[in-house]
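Number of protein chains: 2
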Amino acid sequence: MHLDHVGIALEDAKEGADLFRRLFGLPLALERTVPDQGVKVVKLSSGESYCEFLEPLSPDTPVGRFLAKRGGGLHHVCFAVPDIRAAIADLVGKGAAMIDREPRTGAAGLPIAFLQPSSTAGILVELVERK
Amino acid sequence: MHLDHVGIALEDAKEGADLFRRLFGLPLALERTVPDQGVKVVKLSSGESYCEFLEPLSPDTPVGRFLAKRGGGLHHVCFAVPDIRAAIADLVGKGAAMIDREPRTGAAGLPIAFLQPSSTAGILVELVERK
Chain A
0 MHLDHVGIAL EDAKEGADLF RRLFGLPLAL ERTVPDQGVK VVKLSSGESY
50 CEFLEPLSPD TPVGRFLAKR GGGLHHVCFA VPDIRAAIAD LVGKGAAMID
100 REPRTGAAGL PIAFLQPSST AGILVELVER K
Chain B
0 MHLDHVGIAL EDAKEGADLF RRLFGLPLAL ERTVPDQGVK VVKLSSGESY
50 CEFLEPLSPD TPVGRFLAKR GGGLHHVCFA VPDIRAAIAD LVGKGAAMID
100 REPRTGAAGL PIAFLQPSST AGILVELVER K
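Line by line, the protein sequences give chains A and B. Take numbering that gives the first Met the number 0: the final residue in the first sequence is number 130, and no numbers are missing along the way. Take numbering that gives the first Met the number 0: the final residue in the second sequence is number 130, and no numbers are missing along the way.
Keep in mind that the hints are not guaranteed to be accurate.
Now the stretches of chain A that chain B is said to cover, found in silico as 3 or more residues with beta-carbon under 8 angstroms [unchecked claim]:
id, region
1, 10-19
2, 69-79
Taking lysine to any residue and the SDA-like style, the derived pairs with C-alpha atoms no more than 25 angstroms apart in a straight line are [to be verified]:
id, chain 1, residue 1, chain 2, residue 2
3, B, K68, A, G72
4, B, K39, A, G72
5, A, K130, B, E47
6, B, K39, B, G92
7, A, K39, B, K39
8, A, K39, A, K93
9, A, K13, B, G108
10, A, K39, A, G63
11, A, K130, B, K68
12, A, K93, B, K13
13, A, K68, A, K93
Hints in this document: simulated from the structure, not taken from any laboratory. This one's a predicted model, so the numbers in the text were calculated from it and none came from an experiment. Don't be surprised by glycine CBs; every beta carbon is placed ideally from N, CA and C.
Isolated chain A, as found in the complex:
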């Protein structure tokens, strides 16, 4: 299990990503709007990991509510797993509560699932399946 990315919520994902590209030289990996998750996503490569900038499509979305409550900032961490269904079963067996008991498709077209932050010391944690 490795650190796949850190999610950063901002009012303007493109502006934030452009700033990090310019300052740190991180290359653009993905730019996509994901209507069913209510976000625009801009991902930059950073070694084997990514920085994922998230912008809400409206205030009434998970990222929109996060911004209204806390302002822009670090939003979640994501770990890559080889088999997400096996990882979910393992976590549930250890007593963790999942937001997604069934994987859904993330911005990059890969299976993802979020855990309930109440199970992870208040930290929002995502899993992504990378073979």
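We have chain A; now place chain B onto it with these hints.
For chain B alone, coordinates are given in the frame of chain A:
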């Protein structure tokens, strides 16, 4: 430049790290108290990156003030660079403001420097030198 670690501020770093070790199987990489930074640090390995759990040694420390203001959560991101003095010079040349214009020694004994979050879209960003 690759994502070296994500910093997580909690009231009890050991408890948080133990939870992530148990749930995600991340191995312990480092456990250390750093009095001059006012923190206890517990680091877990996660591929080429780390999850760094930070616990304030007192309320009147940067991490203590963060917890009082925002509660436990994601605190900073850190990028690894091969030459930290060159990276600082490059960032200053691009107009970024540094908290540390001169590198100091981090928990793992490596040179580190933080940027002013006002230069990085409100995100606290650290650099660490890894040859």
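Hints, verified against the model:
{"no.": "1", "hint": "10-19", "result": "holds (count 4)"}
{"no.": "2", "hint": "69-79", "result": "holds (count 10)"}
{"no.": "3", "hint": "K68(B) - G72(A)", "result": "14 angstroms, holds"}
{"no.": "4", "hint": "K39(B) - G72(A)", "result": "23 angstroms, holds"}
{"no.": "5", "hint": "K130(A) - E47(B)", "result": "17 angstroms, holds"}
{"no.": "6", "hint": "K39(B) - G92(B)", "result": "33 angstroms, violated"}
{"no.": "7", "hint": "K39(A) - K39(B)", "result": "36 angstroms, violated"}
{"no.": "8", "hint": "K39(A) - K93(A)", "result": "33 angstroms, violated"}
{"no.": "9", "hint": "K13(A) - G108(B)", "result": "35 angstroms, violated"}
{"no.": "10", "hint": "K39(A) - G63(A)", "result": "11 angstroms, holds"}
{"no.": "11", "hint": "K130(A) - K68(B)", "result": "40 angstroms, violated"}
{"no.": "12", "hint": "K93(A) - K13(B)", "result": "19 angstroms, holds"}
{"no.": "13", "hint": "K68(A) - K93(A)", "result": "31 angstroms, violated"}
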